[in-house]
Structures are given as structure tokens and as C-alpha cells.
Amino acid sequence: MAVKITDICIACGACIDECPVEAIVDDSDNPTGADIYYVYADKCVECVGHHDAPACAEACPTEGCIVWDAPYPGQPSRDEIGADLRKGTTPCAE
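Once you know that position 73 of the sequence shown is 73 in the working numbering, the rest is easy, because the numbers rise by one and skip nothing.
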């Protein structure tokens, strides 16, 4: 999945505006039906080749809202983020 948005999201929209590949949708377009912003794993590139860190996490005002998750096969991912940090609980930015 690359990065994911947790349920502490305040739905401010900052992440949507910053995503260079338009991988993030708001809660009304979340394919799971959950009332939370959603990152399409097959589109997320962790901003590799675009920014030094995931732009969504850098723009997010809610600390710990955007976390590392398993990379999507075939999509770019950050080599320095090991499997131990990709359990859906480690914030991308603090």
C-alpha cells in the first residue's frame, strides 16, 4: 500500500492537494466505504522521484495521521524504509 491514512485524519484536504500522482481521494470517494481519506496503493509512489519525503505526510497537520504500509508491487518505494517500519503504525513524518 505504500502509505495509508489513519482514522485520526481531520479531513482537511492538505494531502489531496499535495499528492503529485493524485493517489489520494476524500471520504466520499473512498472505495472501502469508510468515512476517511484513502490512498490508492496502485497509484502511490511514496513521492519517489518527486519529493524527498511523501508530500502528503509533510503537508498533513495531524501528527501521525499518514503512516508507512507495505509497498505495492511494481510501484516505486523508499528503500530506506524497512519492513519493520511498514506495519501501518509508523508515521511518515512527525
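Quick caveat, the hints were computed from the structure, so don't treat them as lab data. Accuracy of the hints is not assured; some may be wrong.
[What the hints assert, rightly or not] Here are the computed lysine to aspartate or glutamate pairs in the EDC-like style, where the Cα-Cα straight-line distance is at most 20 Å:
#: 1; residue 1: Lys43; residue 2: Asp29
#: 2; residue 1: Lys43; residue 2: Asp17
#: 3; residue 1: Lys87; residue 2: Asp29
#: 4; residue 1: Lys43; residue 2: Glu94
We went through each hint and held it up to the structure:
no.	hint	result
1	Lys43 to Asp29	15 Å, holds
2	Lys43 to Asp17	15 Å, holds
3	Lys87 to Asp29	24 Å, violated
4	Lys43 to Glu94	23 Å, violated
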